[in-house]
Every structure is written in C-alpha cells, then in structure tokens.
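Engineer: Below are the chains, spelled out letter by letter.
2 protein chains.
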Amino acid sequence: MTERILIKNLSALEDGPVRVAGWVETVRDQKKVQFIVLRDETGSVQLVNPATRELNDEDADSATKLEITEAISGLAQGSFVSIEGDLKHDERVKLGGIEIKIRSLTIASEAIPETPIASDSSSDKRMDWRFLDLRRPEQNLVFRIQTTFEHALRTYWIEHDFIEVHTPKLMASPSESRAELFELEYFDTKAYLAQSPQFFKQMAQSAGFGAIFEIAPAFRADPSFTSRHATEFTSVDAEISWVDSHEDVMKLHEELLVAGFTAVKEKHGAAIKELFDIDLEVPTVPFPRIPLAEAKQIVADRGYEIPRADADMDPEGERQIAAYVKETYGHDFVFLTDYASSIRPFYHMRHADNPELTNSYDLIYNGVEISTGAQREHRIDILIEQAKDKGMEPEELDFYLDFFRYGVPTHGGFGMGLARVLMLMLHQQSIREVTYLFRSPTRLMP
Amino acid sequence: MTERILIKNLSALEDGPVRVAGWVETVRDQKKVQFIVLRDETGSVQLVNPATRELNDEDADSATKLEITEAISGLAQGSFVSIEGDLKHDERVKLGGIEIKIRSLTIASEAIPETPIASDSSSDKRMDWRFLDLRRPEQNLVFRIQTTFEHALRTYWIEHDFIEVHTPKLMASPSESRAELFELEYFDTKAYLAQSPQFFKQMAQSAGFGAIFEIAPAFRADPSFTSRHATEFTSVDAEISWVDSHEDVMKLHEELLVAGFTAVKEKHGAAIKELFDIDLEVPTVPFPRIPLAEAKQIVADRGYEIPRADADMDPEGERQIAAYVKETYGHDFVFLTDYASSIRPFYHMRHADNPELTNSYDLIYNGVEISTGAQREHRIDILIEQAKDKGMEPEELDFYLDFFRYGVPTHGGFGMGLARVLMLMLHQQSIREVTYLFRSPTRLMP
Numbered sequence: 006m007t008e009r010i011l012i013k014n015l016s017a018l019e020d021g022p023v024r025v026a027g028w029v030e031t032v033r034d035q036k037k038v039q040f041i042v043l044r045d046e047t048g049s050v051q052l053v054n055p056a057t058r059e060l061n062d063e064d065a066d067s068a069t070k071l072e073i074t075e076a077i078s079g080l081a082q083g084s085f086v087s088i089e090g091d092l093k094h095d096e097r098v099k100l101g102g103i104e105i106k107i108r109s110l111t112i113a114s115e116a117i118p119e120t121p122i123a124s125d126s127s128s129d130k131r132m133d134w135r136f137l138d139l140r141r142p143e144q145n146l147v148f149r150i151q152t153t154f155e156h157a158l159r160t161y162w163i164e165h166d167f168i169e170v171h172t173p174k175l176m177a178s179p180s181e182s183r184a185e186l187f188e189l190e191y192f193d194t195k196a197y198l199a200q201s202p203q204f205f206k207q208m209a210q211s212a213g214f215g216a217i218f219e220i221a222p223a224f225r226a227d228p229s230f231t232s233r234h235a236t237e238f239t240s241v242d243a244e245i246s247w248v249d250s251h252e253d254v255m256k257l258h259e260e261l262l263v264a265g266f267t268a269v270k271e272k273h274g275a276a277i278k279e280l281f282d283i284d285l286e287v288p289t290v291p292f293p294r295i296p297l298a299e300a301k302q303i304v305a306d307r308g309y310e311i312p313r314a315d316a317d318m319d320p321e322g323e324r325q326i327a328a329y330v331k332e333t334y335g336h337d338f339v340f341l342t343d344y345a346s347s348i349r350p351f352y353h354m355r356h357a358d359n360p361e362l363t364n365s366y367d368l369i370y371n372g373v374e375i376s377t378g379a380q381r382e383h384r385i386d387i388l389i390e391q392a393k394d395k396g397m398e399p400e401e402l403d404f405y406l407d408f409f410r411y412g413v414p415t416h417g418g419f420g421m422g423l424a425r426v427l428m429l430m431l432h433q434q435s436i437r438e439v440t441y442l443f444r445s446p447t448r449l450m451p
Numbered sequence: 006m007t008e009r010i011l012i013k014n015l016s017a018l019e020d021g022p023v024r025v026a027g028w029v030e031t032v033r034d035q036k037k038v039q040f041i042v043l044r045d046e047t048g049s050v051q052l053v054n055p056a057t058r059e060l061n062d063e064d065a066d067s068a069t070k071l072e073i074t075e076a077i078s079g080l081a082q083g084s085f086v087s088i089e090g091d092l093k094h095d096e097r098v099k100l101g102g103i104e105i106k107i108r109s110l111t112i113a114s115e116a117i118p119e120t121p122i123a124s125d126s127s128s129d130k131r132m133d134w135r136f137l138d139l140r141r142p143e144q145n146l147v148f149r150i151q152t153t154f155e156h157a158l159r160t161y162w163i164e165h166d167f168i169e170v171h172t173p174k175l176m177a178s179p180s181e182s183r184a185e186l187f188e189l190e191y192f193d194t195k196a197y198l199a200q201s202p203q204f205f206k207q208m209a210q211s212a213g214f215g216a217i218f219e220i221a222p223a224f225r226a227d228p229s230f231t232s233r234h235a236t237e238f239t240s241v242d243a244e245i246s247w248v249d250s251h252e253d254v255m256k257l258h259e260e261l262l263v264a265g266f267t268a269v270k271e272k273h274g275a276a277i278k279e280l281f282d283i284d285l286e287v288p289t290v291p292f293p294r295i296p297l298a299e300a301k302q303i304v305a306d307r308g309y310e311i312p313r314a315d316a317d318m319d320p321e322g323e324r325q326i327a328a329y330v331k332e333t334y335g336h337d338f339v340f341l342t343d344y345a346s347s348i349r350p351f352y353h354m355r356h357a358d359n360p361e362l363t364n365s366y367d368l369i370y371n372g373v374e375i376s377t378g379a380q381r382e383h384r385i386d387i388l389i390e391q392a393k394d395k396g397m398e399p400e401e402l403d404f405y406l407d408f409f410r411y412g413v414p415t416h417g418g419f420g421m422g423l424a425r426v427l428m429l430m431l432h433q434q435s436i437r438e439v440t441y442l443f444r445s446p447t448r449l450m451p
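Going down the list, the sequences are from chains A and B.
The first sequence runs 6 to 451 under the working numbering.
The second sequence runs 6 to 451 under the working numbering.
Calculated from the structure, these hints are not laboratory results.
On a predicted model such as this, the values are computed, not experimentally measured, just so you know.
One or more hints might be untrue.
Identical copies go unnamed one by one, so any copy, or any two together, can satisfy a pair.
Unchecked claim - Derived SDA-like pairs: lysine to any residue, alpha-carbon spacing no greater than 20 Å straight-line:
#, residue 1, residue 2
1, Lys393, Arg24
2, Lys130, Asp407
3, Lys106, Glu8
4, Lys195, Glu19
5, Lys195, Phe230
6, Lys99, Ser232
7, Lys195, Met450
8, Lys99, Ala276
9, Lys256, Glu8
Modelling step: build the complete structure from the supplied sequences, incorporating the hints.
Structural biologist: Below is the structure:
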C-alpha cells in the first residue's frame, strides 16, 4: 500500500516529511517555481517545487531536480500522482495555511490534457463523463452523505432486531403491474425485473421474520423524463409484523429518518454548510400527518385546483401542501394519509369502516414524494377480492397468495427512493446529481 | 402496534400478565387441558388453556372460555395468533421452564391445515415452499447471521472511510464476457444485466473515491446446476486505491472477514452451536498464502492429478489444498495467489517480470472458492493490449477505457459470494439453504 496521509489530516501534523497521493487539480509552471494543487478524496493541498531548468555541475542532485521540474511542466490536470515532500505550515498560503515542498514525484497515470467537461457543462454532458464529474468535492460529499445515511438506517434496524434480506430481482411475474416492466429471456421462459421487493418483503412476514429491511436496486421501464424518475433506482425498504395500522409504519419511518439525518448532520453538517450552503436540520417527531382529503381541501383553499381526474395529488399539490406545513408547523416533512383505494395497489389494507380509503400514506419531503407506506391486507379472502377489484387475475398471483394461505401476521411497511431523499436534502434539481450512474430510457452509459 | 414480548425475553420476566404473538407450531387438544407451542422469530413457548367444553350457568365467563377452547381446537398449525395470558415459571415445563396461561386469543390469520412440507422434504420441495421452510429456527438463524455479518463488514468499511456505491445493474455492454449474459429489451435498444460491478467499481477509482464498497445482486445466465451457482447472487465487493500489489487487497480482505466472523461468533456463537452443532472459529491473520503453481504441486504430491487442460484448479483440487492447509497450518482459509494470465480477465495486472502470471488471488474457505481478487491494470496502453490479447474489441470497451485515459491511481479489489461464505460457515450442502429465494435456470418462483 502506498502509505499516504489523507490531505484533510495534514494540517494537524507538525512540519516534516510526508507522502500524499491524489490527482492534479492545477499546475502553475512559473520560471523559478512550480505549484501544483493536489486533491484527494478528503481535500486539496498546494505543492511547491523550486524549478531547476538546467543541469548544474556544482549540484550533484541537479539531474533529479531537472527531471522533477520537467515532469511537473508536463503534468496534465487529472493525472494521478504520489508525492514525497516536506510539509510546512505557512500562514501566507491561502489553501489551508500549509504547503508541501516536493522531494520526489511518482506518476501513477497521466491524464489526456483536454478535460471534456467543465463546471458549467450541461447535466447531460456531465453524466457522459460522470467519473470526472464525481471528482468535484460536492459530488464526493454527496456519496459520503449517502454512506453515512444508509449506515445510520441500518444501524437503527440492527439495534431493533430487524433481519436484512436480499430479495430476488428476477421474477416470474410482475411485482407491481404490467406497466413499466422490463422483460428478459430466461433460458426457456421469460423473467421480469422486480419493480419493487413488495411481494418478497411480505413473504418474510409469513416466514415469521418479524421485521426486515433491504436497500437494493429496483427497475421501472418508465418512459418519462422527470427530475424524479429513473429506470433503475435504489429502494430503501422495510416491513414489520404485528402493526395495528399504517400509524405504526409511520412511527418507524420517522424514527429511521431522524436517525439518518442526525448521523448526517453530525458527520457532515459543516461540510454541507460549506459546499451546499445548507443548514441541515434534523426533523422533529412526530412528523405532521394530514389525511389526503384534508390536504386537498387545504391546497384548494390556497387557490390551487389539482388538475387530475383521479383522487391523487399532483406534484404542484405536493409542493403546496408542503408549503402549508412549513408555514403552519415549521416542518419539512408531512405524511399524507388515507389515500383512496382507487389509486392504491390491491395489497393496501382498506379502512374497516370505509372501503373507499386505505391504511396508507405518502411521505412528502420539501414538497416532493419520497416514499409510500401502508398496512397490507393480510386476510386472504379480502386480498383476493381486492385483486379482482383491480382487474388482476388471482391465478397469476397464486405464488404470492400462498404466503397468506398458510398464516401471516398483520403487517405493513414502506419503500423509499434513496436518491430522492438525497436530492431534497441537498436542494438539488434532479436525482441525477445524487445518483452514482443515472439510468433513463436514453442513458445506459457509462 | 401489538405490544408483544419477544419469546426469548419471557424467561427473564417475573410471573404476571404478558402478550405474545407468533405462529402455532403444535396444538395438543386434550379433553381437560389444551397446549399450544407458539413460536415467534426469537423462540417458542408453551401456552396452556384449561378446556371449557360446555356452558356453565354458574360461571359468568364460561361463554368466553368455551369460545377460546373451541378456537384452540380448530387452530391449524402455522396460524398466526396474538395471546394475552399469565406468565408462570414452572421448572416442570420442558420448554424453557415457563408457561403462559391463556386469557384471550386473537387469530390474525388461519393457516390451511395441511402443511405442504415437512423437515424431511426434498430441497426442491422446500424451495417451492420457501416461506414455510424459513420458519424453521435454523433458517431464521441463517438470516440473522447474514444480517450481523454484513453489518460488521459495513461497519469496518465505514470506520475505514470507505464510500458505499450503488452501481447500475443495467448496462449497455457485458461487464465480464458475452458468456452467461442476460439480455433485455431496453426501449429502442438492448441492455444487459451486470455480471459484476467490476467496471463501475474501477470507475470510482478514477473518480477519486479512494475506497469503496457495495453489497448488491449480480446476474449470471449460468446454465449449470451445482451447489455453488445461482443465476442471481449477492456479491460483496470492495475496491481500493493506491495498492502496490494484490497483497494489499488480501490484507483488507482478511481483516474484513475477521471483523465479520468476530461479530457473528459474539452474537450467534451459542445459537450456532445449539442449532448447527458448530463451534464457530474466528480465523487468525494473516491467512496462509500459497502461489497457485505451488498449490498445484502440493495437490499433485498428495496424489491428485487435476484433470483440466487450462492452468486452473478444479473443485477437488481446492478441497485438497484446503485439507493440506488445515493439516499444516490449522487454518480454514487460504489465499491461492498469482494465477496464470491465461485464466484471468484482461483487467488483472500481470507480473512486471513475468506476464504469464497475474497479481491476483482466489480465496478458498473450507475447500471452496468464495472470492476472486486482484490488482487491476491501470495503465491504459497495457490494458488495451491485454484486452486485445483476450480477443476483445477495445471499441466495445471504450466507455470503460475512458476511466483510465483521464487519470487513475493504482488500485485493486475483490468480489465475494455472500451465500458461499454462509454455506461454508454453517456446513451446508448448497447455497440454496442460505439464500432467501434461490434462482436457477429452472427456478424463478416463488
């Protein structure tokens, strides 16, 4: 291993010999002195080299010095190098008050001199060169935040005795609907890519697993091009036994988000402020809960008429209700509850006293839906009726219905789009900005 | 939420009212007294009910009592129920020395009386009814172990500043080879399912991420039916910058496994002993390392001639070298190193002084390969030569080669099959036994 010091740790060191490694951000090649700004995954530092432009018989090291000088003169931005040198604290140096005087330089790989993107390149162009785009400190931070956020969720789950499952992404039948489904040749038959882990999360309930979680890819052959949709996305899923209603699921959900936001704020709050100019707030619990019918009335009273024939909210309606919640409760999150049965999947449990409504919710964060949760219908007879009600063929669902025929506890859960949470947390325009490699109908590369 | 007490926590409680919930394992319906063994995800407990077989005018509660008695008489094995009752410690009760006298019983869902599998059912039949198979305590433990193991790996990575990535599973070109590739219609073009995250793990190196990890599904259209292969499997992947050789990767790999095994032994050691009769050992570091050529000589000296035309080990050879390592070093793991270039992918770095060999390894655990790791070739010219050498078209790899054209540090990593580790840890015959839902050429259901 090249035993390097991470650049963020340099300033705490005393003056002396160090080794750093990273990529070249800039080279200033002056006649008498050369400067490199070197970046690694933790920060950037200035390297300095007194230029030796010709051999000097009186200096035994002049050949080496000339070699280093010429190597620096030829260094393209982006090249990866490892440097040995002497660290010196110097208040005059703008970049962190430290500088490293180069003693030796090893080039791991040289970059093509012309960088194909700049900070003002279009989103599409940056996606074409995503690996270069990801070198920006803001992008590096996004994925550190993602890492911390996920680990905090998983730690919460582990502490609450959840079991992690890896549900299959190859299925013999659609998991949600025949729309937006990827189909593939599978030996002598056909398979479908899982649109969600829904059925298999529920299977864990019948298996007596109690409480389970999964963070994994899900696939939707969605032809739309919005800032919120991708054909492949990372779905954060949990499902728990013995719920009395969707209220139990919401309670889990908000506690999890508090755990995630707390960890992110603690570890990255200062960096988020510096790079995104955002004061990240940890939400308070309970999050506000508003029945959808009431939310629609509130939005209507604000003068916005939702232009939809079905009973659902639209994106502008979600922004409006979020604005109302922010004004009224000072909260960035709101659970919209009790969606109409007509716009919910067959497996959502309906109200005991009103089959027009479901024990379900959407979670809205900064005006955008990030999640859907519900209590599931666990009574086989009612489940079959609800499936028929939606025009589904119970025969096609038989393997799923079996989970209920052999006993299952009451249960519920949610699925949440990871990239949406990050997009909204960091006030980004699109999930593309917070997805490692975005996939859309026209984007399969790199 | 049904506020239940987990069965494992009952014995620590004092006598008194409790609520438990789970599924019915057995019912003994005697004339005067009824017994239920109830199981939840943590254990099983005996419930008792003095039978009331007819109404009694002198007992105001006799109608309720009769109702409970008749409900128990009709309870099918597998039904999920919630019970209120009185806990009593009683040494005479074989099952944990405790018993709960039933006060009320709520049936969440009744099971079909005939259970389609028994403990001696064939593996295939048990896979058909996996959700019932998973109710066995051994199976529940498998997935608790998996949960603990993965969390320990991730905690190690987090503590060492790794970034978690979610690489896309939809690709425009094969990630490993054209063999064993799933192809799907993707809008107006074709996409392939990722056989490994290889290219995108390497992209993170060029992106300056330093050290990254991912645990995610991978897909191989592998027509074989062995105990070690599946068409979809969970791949544990890591990739790190600035390695000097594959030795650096092996060092990470063994430290990670020690972290995982330590956590599993600590949390589940006693249960593994009880249910699998295995004394789990945490491996010591360093794991033995044997160059492949030497390993083949050792195996040959033991009298086993590897019947392969290429330079590779075969499964029996792996068992033989593992037996040798166990006898010689008392170790369950061995790194076989420096595989021939002819049997390694083009992206493995070759020895500087001998291009016939690579900076690579396989990790063998209890006689079976669980992982392949390597230093990657990061020098673009050599990488292109090696790709041509393997008969590949550099044009097809262009998006991948770009990662190297704009600078990349030296790097290496490994991919490890999660189910193989669990199979070998728990001395199971097949990865099917430790996979939530197994996928093979003939199995897409449930």
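Engineer: Please go over all the hints and tell whether each is borne out by the structure.
Structural biologist: The hints, checked one at a time:
1. Lys393 / Arg24: Answer is neither; intra-copy 68 Å and inter-copy 36 Å both fail.
2. Lys130 / Asp407: So Lys130 and Asp407 pass the 20 Å test across copies only (14 Å; inside, 49 Å).
3. Lys106 / Glu8: Result: close within a single copy only, 18 Å intra versus 65 Å inter.
4. Lys195 / Glu19: neither (64 Å within a copy, 56 Å between copies)
5. Lys195 / Phe230: between (27 Å within a copy, 19 Å between copies)
6. Lys99 / Ser232: neither (38 Å within a copy, 61 Å between copies)
7. Lys195 / Met450: Intra 25 Å, inter 12 Å, cutoff 20 Å: inter-copy only.
8. Lys99 / Ala276: Only inside one copy: Lys99 and Ala276 sit 18 Å apart there, 59 Å across copies, limit 20 Å.
9. Lys256 / Glu8: Answer is between: at 14 Å across copies they meet the 20 Å cutoff, but 46 Å inside does not.
In the structure shown, a violation is registered for the earlier hints numbered 1, 4 and 6, in ascending order.
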